[in-house]
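Here the sequence shown stands for residues 1 to 387, where the numbers follow this note's numbering.
Zero decoy hints are in this set.
The following label-pair restraints were derived from C-beta to C-beta distances:
id: 1; residue 1: 141; residue 2: 229; range: 22 to 28 Å
id: 2; residue 1: 141; residue 2: 291; range: 18 to 24 Å
id: 3; residue 1: 154; residue 2: 373; range: 46 to 52 Å
id: 4; residue 1: 98; residue 2: 61; range: 23 to 29 Å
id: 5; residue 1: 88; residue 2: 234; range: 25 to 31 Å
id: 6; residue 1: 175; residue 2: 153; range: 27 to 33 Å
id: 7; residue 1: 226; residue 2: 264; range: 33 to 39 Å
id: 8; residue 1: 192; residue 2: 66; range: 16 to 22 Å
id: 9; residue 1: 355; residue 2: 233; range: 24 to 30 Å
id: 10; residue 1: 154; residue 2: 95; range: 18 to 24 Å
id: 11; residue 1: 233; residue 2: 369; range: 38 to 44 Å
id: 12; residue 1: 226; residue 2: 190; range: 48 to 54 Å
id: 13; residue 1: 231; residue 2: 193; range: 52 to 58 Å
No lab work stands behind these hints, which were simulated from the structure alone. Nothing here was measured: the structure is a model prediction, and the numbers come from that model. Even for Gly, the Cβ is constructed at its ideal location relative to N, Cα and C.
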Amino acid sequence: MPSVPFRRLSAYYFFYFAFIGIFMPYFALYLQSRGFAAAQIGFLLAVMQWMRLLAPNLWGWLADRLGRRMPVLRVAALISLLGFMGIAWSTGFWGIAASLAVMGFFWTAQSPLAEATTFNHLNGRPGYGAIRAWGSFGFVVTVLGMGWWLERASIDWVVYGGVAMLLAIVISSLWVPEAPHCDAERVKGGLWPIVRRPEVLALLASCMLMTSAHGALNVFYSIHLVAAGYSKSVVGLLWTLGVLAEILIFMWAPRLMQRFSIKALLLFALGCAILRFLLIGWCVDVIVVVLLAQLMHGITFGVNHIAAVSAISHWFGGQHQAQGQALYGSISFGAGGIIGSLASGWLWDGVGAGWTYTASAGFALIGFGVLWLSRSAWPENGEEHHA
Numbered sequence: 001m002p003s004v005p006f007r008r009l010s011a012y013y014f015f016y017f018a019f020i021g022i023f024m025p026y027f028a029l030y031l032q033s034r035g036f037a038a039a040q041i042g043f044l045l046a047v048m049q050w051m052r053l054l055a056p057n058l059w060g061w062l063a064d065r066l067g068r069r070m071p072v073l074r075v076a077a078l079i080s081l082l083g084f085m086g087i088a089w090s091t092g093f094w095g096i097a098a099s100l101a102v103m104g105f106f107w108t109a110q111s112p113l114a115e116a117t118t119f120n121h122l123n124g125r126p127g128y129g130a131i132r133a134w135g136s137f138g139f140v141v142t143v144l145g146m147g148w149w150l151e152r153a154s155i156d157w158v159v160y161g162g163v164a165m166l167l168a169i170v171i172s173s174l175w176v177p178e179a180p181h182c183d184a185e186r187v188k189g190g191l192w193p194i195v196r197r198p199e200v201l202a203l204l205a206s207c208m209l210m211t212s213a214h215g216a217l218n219v220f221y222s223i224h225l226v227a228a229g230y231s232k233s234v235v236g237l238l239w240t241l242g243v244l245a246e247i248l249i250f251m252w253a254p255r256l257m258q259r260f261s262i263k264a265l266l267l268f269a270l271g272c273a274i275l276r277f278l279l280i281g282w283c284v285d286v287i288v289v290v291l292l293a294q295l296m297h298g299i300t301f302g303v304n305h306i307a308a309v310s311a312i313s314h315w316f317g318g319q320h321q322a323q324g325q326a327l328y329g330s331i332s333f334g335a336g337g338i339i340g341s342l343a344s345g346w347l348w349d350g351v352g353a354g355w356t357y358t359a360s361a362g363f364a365l366i367g368f369g370v371l372w373l374s375r376s377a378w379p380e381n382g383e384e385h386h387a
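The whole structure should be built from the sequences, with the hints applied where relevant.
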């Protein structure tokens, strides 16, 4: 069995999430500094999610059809860099929207292709959590560094730092070798018979609602904290705390997956999300509560993600691996991101932060109900989860 290129995969994940560590916490602040209203900010960030809804399935189909994923990923990484560079020269709302659309169409291709490549390199062996944890380390480095730097420099450095990380992604992708297609015999027939299975539909719906619940967090959390009197450095520290909790979850993933079923982990994550977003919305002035809510990110994102991608890897094997991961990304982060971004943008100025985050808790509650009512067969603990 060929060896797994842990260092090369880890380096790619590091820079991929290092970009997110700049974009997610600080790009909304950058847009706010450009004078955009809350609804406009929500719309602009939803552009990325529209691309995530449309693009990954095309790229996943193309990569599976060609039988090679890394060349497609490398081209996507390069064009996403060029698209994001356009933001530096965009002077208005629609110019930024166009730049984000180009960047997002190619950026969203990368994650499902990288996940499929990683799982095929592992070929059933443990190690996904340890590799993915390096992505979280990358997020921590940039969210802390950029928070510190923005206390001393122009907010325009959000764009400059993003360009630097996207360039690093392009370079690191050149080092990741193509993975052999593994376990093709596990999956017979077409893609859609798998998608139509009740447990697959329940998973996709619950993950979409979980991402919708995180919409106000991803778009307005930094703005929410700054409005409550926290400095940008403290904002960076709070984002970092959540990701450190996420890292611990990824490192513990093999034990979690052996001890608990995927469905139990997903239900637990959704239950914690209900509580977390209520706390963020109504108790932002109480630092102990804010700290507790950020620690819960390890559960609401980390546990949910590791369980979801493991289920997708279990159900979509062999020739459907990239398309399965792409479908998960499109429905969960694409459709869910659109709903969450637009809903929070519409609600923020109208009803305020508290009720916006209450709506987030409502999304998680609906997701909990969808998953709870699913009675179909799910992978149990001890099955092949690839975590």
